[in-house]
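Q: Make one complex out of these two single chains by using the hints.
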Amino acid sequence: MILLADVVAPSPLVLDGLVVGAILFALGLVGILARRNLIVMFLCAELMLQGISVSLVSWSRHHGDWGGHVLVIFVLTVAACEAAVALVFVLQAFARTGRLDSAAWQSLRESNLSRTIDHELPAIDTVPLKFPKLAPAGIEPAADEDAALEREHV
Amino acid sequence: MIASILPSISPGTLLAGGVTATAASLWLLLPGGRSGAADRTARWLGWLLGIVALAGFIATGHRLGSVGEEAVFLTVALVAVISGAATVVSRSPVYAAIWFAMALAGVSGVLLVLGGQFLGVATIVVYAGAILVMFLFVLMLAQPAGLAPYDRVSNEPLLAAVAGAVLLGILSLSIGRLTAEPPACCLMGGTKAALLADSAAAEPATAAASGIDMLADNHVARLGGELFGRHLLAVEVAGVLLLVALIGSIAIVSRGAADAESAAARRAMP
Numbered sequence: 001m002i003l004l005a006d007v008v009a010p011s012p013l014v015l016d017g018l019v020v021g022a023i024l025f026a027l028g029l030v031g032i033l034a035r036r037n038l039i040v041m042f043l044c045a046e047l048m049l050q051g052i053s054v055s056l057v058s059w060s061r062h063h064g065d066w067g068g069h070v071l072v073i074f075v076l077t078v079a080a081c082e083a084a085v086a087l088v089f090v091l092q093a094f095a096r097t098g099r100l101d102s103a104a105w106q107s108l109r110e111s112n113l114s115r116t117i118d119h120e121l122p123a124i125d126t127v128p129l130k131f132p133k134l135a136p137a138g139i140e141p142a143a144d145e146d147a148a149l150e151r152e153h154v
Numbered sequence: 001m002i003a004s005i006l007p008s009i010s011p012g013t014l015l016a017g018g019v020t021a022t023a024a025s026l027w028l029l030l031p032g033g034r035s036g037a038a039d040r041t042a043r044w045l046g047w048l049l050g051i052v053a054l055a056g057f058i059a060t061g062h063r064l065g066s067v068g069e070e071a072v073f074l075t076v077a078l079v080a081v082i083s084g085a086a087t088v089v090s091r092s093p094v095y096a097a098i099w100f101a102m103a104l105a106g107v108s109g110v111l112l113v114l115g116g117q118f119l120g121v122a123t124i125v126v127y128a129g130a131i132l133v134m135f136l137f138v139l140m141l142a143q144p145a146g147l148a149p150y151d152r153v154s155n156e157p158l159l160a161a162v163a164g165a166v167l168l169g170i171l172s173l174s175i176g177r178l179t180a181e182p183p184a185c186c187l188m189g190g191t192k193a194a195l196l197a198d199s200a201a202a203e204p205a206t207a208a209a210s211g212i213d214m215l216a217d218n219h220v221a222r223l224g225g226e227l228f229g230r231h232l233l234a235v236e237v238a239g240v241l242l243l244v245a246l247i248g249s250i251a252i253v254s255r256g257a258a259d260a261e262s263a264a265a266r267r268a269m270p
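The listed protein sequences derive, respectively, from chains A and B.
First residue of the first sequence? That's 1 in the numbering used here, and the numbers climb one at a time after it.
First residue of the second sequence? That's 1 in the numbering used here, and the numbers climb one at a time after it.
If we strip away everything but chain B, and leave its shape as in the complex, we get (with noise of 0.2 Å):
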């Protein structure tokens, strides 16, 4: 859409534009030590030069195959990628990890777009219900009243966001590559586009082709025989590192407690 209103535009100046004013959005939006109208203002413009620099991203976009799948998608990406800036920009700890929460409602609803029915439901379970809540507890416990004098300042805030957004022009450009044709020097001679063009002709080549259907019945089914089949010392050892992690924090936590009281006991013996 956007692309065909202004086709004089090529996609690498769209892209560089896309940096540019993610990087200008980002500095804008991050805490930066201003206060009162000019904080406002910044953050004012931060927002309207990501809603520009999304539109880009949107524009050099690929397009789906329906309307309603496409509608969908962006609905659940927005959603995501929104309120993932907003974690990063949060003043305020509690908000951004509400906003966090948020996010991962997005991510799960992308999950669910790209065929992960049993990871989007997952992520759901495990990060807002289980991780996220642990957050909130320590936030309510180790939190000071207010906003703290280190969440209304940032380290480097002109470096890290030109960091990250230099960083997301290099992934969308080596993702747009993805499109194009092999290079011929890759293909070594004829011989491998031989093979290529034999393997391609004896099995099919596309995903949804090759006997594995994500959108299967039993999509589930199949993912815990993958999992408990293939990968069974996998999760034996996971289960040993959560089993690790459990018994470490409470080490950390009693030992903790006894330096503490050792310390009070140090203070209040002279």
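So here's chain A without its partners, still in its complex pose (with noise of 0.2 Å):
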């Protein structure tokens, strides 16, 4: 069987779509490459699922069938798998080391890679948040004893 879409070649859309797909693929692979947070790096990996799903709707889209758009869903449903079980790891993680830092199971590196050392670290800014203050009006009501023993905070 020859596929007429080898020699078709695609529309404008489609290739958009496919260089959308491509950027979303690529920033979510650095994101995963460089950020040191496991969430933030599960988040990229998410990212790079989202390029590939608007590949394949792309690529349905040329051919003119349902297969990008059955393989989507079905992309749509590892990744909740996926999410479940990887942020119960995460978690487990976090409950041993107290911190979500991938560096801190560097001890499970290669044996030949050398460990990584954070040198110097870069001062938290220090400017205070501003938060929105309400003008005070009318007369501060008389304070409810009982319902301040109830709760400590609100």
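Careful: at least some of the hints might be erroneous.
As the list claims (entries may be wrong) - Simulated DEER-style distance windows between Cβ atoms:
no., chain 1, residue 1, chain 2, residue 2, range
1, A, Asn112, B, Phe228, 47 to 53 Å
2, B, Pro11, A, Ala103, 37 to 43 Å
3, A, Glu110, B, Leu173, 29 to 35 Å
4, B, Leu233, A, Phe131, 54 to 60 Å
5, B, Val52, A, Asp118, 29 to 35 Å
6, B, Pro11, A, Arg109, 51 to 57 Å
7, B, Ser66, A, Val85, 43 to 49 Å
If you are wondering where the hints come from, they were derived from the structure by calculation, not from laboratory data.
Glycine residues also receive a C-beta, built at the ideal position from the N, C-alpha and C atoms.
A: See the structure below:
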């Protein structure tokens, strides 16, 4: 059987969708390689899955069949399973080390790799956060002592 | 537009410039252990370079039919890409999750434009409604107060940014080649070409004319028919997979709790 799509050039919309999918995939790859927070790494993996979904739907539009759509539905299913199991692992890792840091598990690295050491850490920005405040209006209500006993803070 | 303003720039140069700008932008934007004013300057420069790289990609992009279609696609694609970049480079994981929700909105728009009506809605419902909320729950359970040290540094940001940009360059190069004519070597002499010509004459070649219209009224019904007809076994397997994931995660949690209790008991014994 000869696939006609092998010779018919994709439409501009399909090509643009493929480019968007490629950009999302590359961004997710950079995040998974560079970031240290386990949860951010998982978000980046989900970003890569989104790029794949966009590419699959583009090809589905090009070929004019439902294969890509059905695959994306299965990607959604597997992503939900993966997120459930992986987040449980992340929680267990946090319970053991108290950090969401992938470098906390660097004792599992290959023996020929050097150790990750944080040499100098940047200082936290000390600019205090500003929150909006309501102007005082009306009279101050009398304090209800029973309510104050019931709960420490709202 | 941009390509006509700068007619002297060849597509290859544009692509190389775009890849370089993407790599530099991602390297500057990723948390790199800088502090204070240097970090702010680097982030400004990074966003500027990112805009330059995006302009390059838009310039090499293909013109869609109408201005309205182009504007809609450009808007949702830019929302998806910029929010995706912000997800990757956000220092705080909570902000990263919120930006990821924004990127999901953009992706769902792109899916809608591409004709995936059901998938556009399902992405919002399943991802933003369920998976992202799960992420935020775990963040609330596990995130220490303030910015953790490991959120302010990256693993090899320069190498990661270059790797991602090079991958993006290769992908867009091969996507650009899709419009070219197939090379003569792959047609295997005259027979396949003749066959192609025959079948192309026998049935219409484009997707729009091949009888499956993605934008039909009964889109969801057709997708459901395909899913529960041809892919019924896969649907059953996916159901089993969901059940296994549910049982597995509960088992891991309760096992971990038992371990923690026994460890606490061992600590309390002496």
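Q: It remains to establish, for every hint, whether it holds in the given structure.
A: Here is how each hint holds up against the structure:
no.: 1; hint: A/Asn112 to B/Phe228: 47 to 53 Å; in the structure: holds (51 Å)
no.: 2; hint: B/Pro11 to A/Ala103: 37 to 43 Å; in the structure: holds (41 Å)
no.: 3; hint: A/Glu110 to B/Leu173: 29 to 35 Å; in the structure: holds (33 Å)
no.: 4; hint: B/Leu233 to A/Phe131: 54 to 60 Å; in the structure: holds (55 Å)
no.: 5; hint: B/Val52 to A/Asp118: 29 to 35 Å; in the structure: holds (32 Å)
no.: 6; hint: B/Pro11 to A/Arg109: 51 to 57 Å; in the structure: violated (42 Å)
no.: 7; hint: B/Ser66 to A/Val85: 43 to 49 Å; in the structure: holds (45 Å)
In this structure, the one hint that does not hold is number 6.
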